[in-house]
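Student: Hey, can you work out the whole structure from these sequences and the hints?
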Amino acid sequence: MTRLNSPEKLECARKEIVSRIDPTKPCISVCAGAGCLASGAAEVIAAFKTELEFHGLTTEVNTKGTGCPGFCERGPIVMIYPEGICYLKVKPEDVAEIVSHTIKEKKVVDRLLYEDPATGTRALRESDIPYYKNQQRNILSENIKIDSKRIDDYLAIGGYAALSKVLFEMTPEDVMGEIKKSNLRGRGGGGFPAWRKWEESRNAPDPIKYVIVNADEGDPGAFMDRALIEGNPHSILEGLIIGAYAVGAHEGFIYVRQEYPLAVENINLAIRQAAERGFVGKDILGSGFDFTVKVHMGAGAFVCGESSALMTALEGRAGEPRPKYIHTAVKGVWDHPSVLNNVETWANVPQIITKGADWFTSYGTEGSKGTKIFSLVGKITNTGLVEVPMGVTVRNIIENIGGGIPGGKKFKAVQTGGPSGGCIPEAMLDLPVDFDELTKAGSMMGSGGMIVMDEDTCMVDIARYFIDFLKDESCGKCTPCREGIRQMLRVLTNITTGKGKEGDIELLEELAESTGAALCALGKSAPNPVLSTIRYFREEYEAHIRDKKCPALSCKEMIAFHIDPEKCKACGSCFRQCPAEAIHGGKKLIHIIDQEKCTKCGTCFDVCPSRFGAVRKISGEPVPAPIPEDKRAIA
Amino acid sequence: MSEITLQIDGKEVVATEGMTILDAARSVGISIPTLCHHEKLEPYGGCRICTVEVEVRGWPKLVAGCIYPVEKGLVVRTRSEKIDKIRKVLLEEMLAHAPDAEPLQALAAEYGADRERFDKHPSFCIHCGLCVRYCAEIKKKNAVGFVDRGSNREISFIPEIAAKECWDCKECFPLCPTSALQAAYVLAGALIAPEEESAGGCGCSCSCSSAPENKVG
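Protein chains in written order, with our numbering: chain V, 1 to 635; chain F, 1001 to 1217.
Source of the hints: derived by calculation from the structure; they are not laboratory data. Take the hints with a grain of salt, since some may be wrong.
Straight-line distance between alpha carbons at most 25 Å, and here's what the computed BS3-like set of lysine-lysine pairs gives [claimed, not checked]:
| # | chain 1 | residue 1 | chain 2 | residue 2 |
| --- | --- | --- | --- | --- |
| 1 | V | K471 | F | K1088 |
| 2 | V | K331 | F | K1040 |
| 3 | V | K501 | F | K1088 |
| 4 | V | K355 | V | K145 |
| 5 | V | K106 | V | K49 |
| 6 | F | K1088 | V | K524 |
| 7 | V | K145 | V | K104 |
| 8 | F | K1061 | V | K524 |
| 9 | V | K501 | F | K1085 |
Tutor: This is the structure in structure tokens:
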């Protein structure tokens, strides 16, 4: 690869790459993101290669693995260009048909297209699928266009043009001005204006400064950063170099969890290729600006996503937060000014530079500009990554993009912001999603996790789940966090196991208040799941405590299973599948459950044919006595 | 170092730049309780018993008095209903570990903390980190450290280092507010197998006859 030492050379190289691409030549892009790989994308890619070889089409058709386009529920996703046909849930055995039908005969394989569950109509292109139609994918849409392991793919879509513009047409002050005008706020959690961190570092007298990418994503169910860093690592790298130029840093770090091996591999490869091309290293593009970057693999502790803890970990010590009464932007890694932004924040930077702050601010709300990527998971029809302009309502995300709740169940709440976020109830579905509105509702944006819950979810148990997660993920340095979480978990466990007492809600509130004195944001925000569920679902707490009843019929210790003798048809399904041998039954004999032996696994409930619906969950009331032996025979 | 004026509990206080709220308060006789603070050691901010309220741009904020640097015109409250309540709960949480520790009992009397409030979890350590920091910063030996994280965090002597360094030192012992340290030290001592015992067999108390070269540790 030749090193590019001027903006002209970069443009020449780009033209050369683009000229090699024949827009009419068929190209098969297969999502090779972690989700699709898990559902067999690698086998699909291999099958395409074999099949194309068999038909002698290897030189006429391109095949590539790309980044994650987000519709994980229907992966592996295959896109056929130039038509832009989108096939979902493709298996290796579908490949022969795609090649013979679509590639050779230019026909569409209908059964692999998206089918609208309501109308039955099929969508040919990605843009016709409601999931995508209702999004504004400024950042994510690039993923499917590029093979993240090839810098040429990134250059072909205009990559590093923003860096070139910055280095040759803009002063660092101009860059600061543009970012300030865009009002880009940190996508990692707090929503702190990025330019303020940049400016603080830039103005700090210390000449040694650092820029850092926070890719320590650890919220349960969140994978936005992962998809970006795996799918389009150069966009993050380019943003980082631009940031370095603006603040006057010559060294950068990418802190990425080692649990993301593909992200680690792709970002390392991206740095190597960028260095070969002259975007990283000495005298970048012949501008005289030097910048080097190192990848630091984190051991995967949630607390290390906190900025001061991350920096302590970078220094090679245990990742524990430090008091940030002097901002890390002024005194960060090895006490030098350090600008830390999350993956998605950095990925926005090249676009803001290329398209301008006005373009960026044309999306979003008064206080929150641009788009935000959410990872939509839980009890939702379409799980995956969703990118929408700030200010879109929760309802829009859940109903129009997410496709609602599966199985005809009722929506109950959505947890936003990860373990430190809160739950938003149905009554607030029309809340516009932006940094400030979510905070006002007692939740937060966080990095963008959205866990949807249906009527079967117990909100007390959800609070317990997140507190239990934080119990292990807190660093344990300060008393309010370490002990407060321990005590909150104890109270919540008592409540969900039927041992709750009057005063427990007040005790949780008192513990939450003292946790506010914690050292870092992890501890300070730890009570959010508890406080928001008390705020919106207090009656569930009361039912657990007073009536010893779990209204969602979810808390194991508080429910029992019972077979309705009127409905049981002695089919034997539950009898055969009960792992605890707790069901007594036989041919033409009404089945009964031995409550002593029952482990409440719910298998009987799940396997009882819906036409009978004989198994019932009970909570807060005594289990009816088993039907007497002599009345069990079915006539 | 320039002088700055700030307000603590309604009192005008003159302090020098670089001082903490704790320093400034103590200089005028206002007492703020501390457990993990030590003049010779780096700022830590772990126990949070020195939590005070400051006003930043009109917004009240809870900060640790032992590390928050004084600022010109800063308004500080060291006692209020909210602060007292927080200190009370923090003490109760710590008393669950070390119910008989004298420094905790004295503070408990002042803040009305109930030592029976939370279920006992007698590890006797309140994680002030004085021993760990003293050994690392002053003695530069790191014979005692924190292991694990979150609620499972504990102090532990590193037996290999402790066996060499601690016998003649033990300077951390009097720093410990709860006497948990001595117990941890004794435990570490028990982990180091005397040499003559490890000469044969696998070194543990089992009756196997593993060759010495196969033994672990």
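Student: It remains to establish, for every hint, whether it holds in the given structure.
Tutor: Structure-based check of all given hints:
1. Taking the CA atoms of K471(V) and K1088(F), the gap is near 22 Å; set against the 25 Å cutoff, the hint holds.
2. A distance of roughly 22 Å separates the Cα atoms of K331(V) and K1040(F); the hinted pair therefore holds under the 25 Å criterion.
3. As the CA atoms of K501(V) and K1088(F) are separated by approximately 21 Å, the hinted pair is consistent with the 25 Å bound.
4. Distance restraint check for K355(V) and K145(V): the Cα-Cα separation of roughly 19 Å lies within the 25 Å cut-off, and the hinted pair is therefore satisfied.
5. This hinted pair checks out: K106(V) and K49(V) have alpha carbons roughly 19 Å apart, not beyond 25 Å.
6. For the hint pairing K1088(F) with K524(V), the CA-to-CA distance comes to about 18 Å; that is within 25 Å, so the pair holds.
7. Using a Cα cut-off of 25 Å, the hinted pair K145(V) and K104(V) holds, with the two alpha carbons roughly 22 Å apart.
8. A distance of roughly 12 Å separates the Cα atoms of K1061(F) and K524(V); the hinted pair therefore holds under the 25 Å criterion.
9. With a CA separation close to 22 Å, the supplied pair K501(V) and K1085(F) stays within the 25 Å bound.
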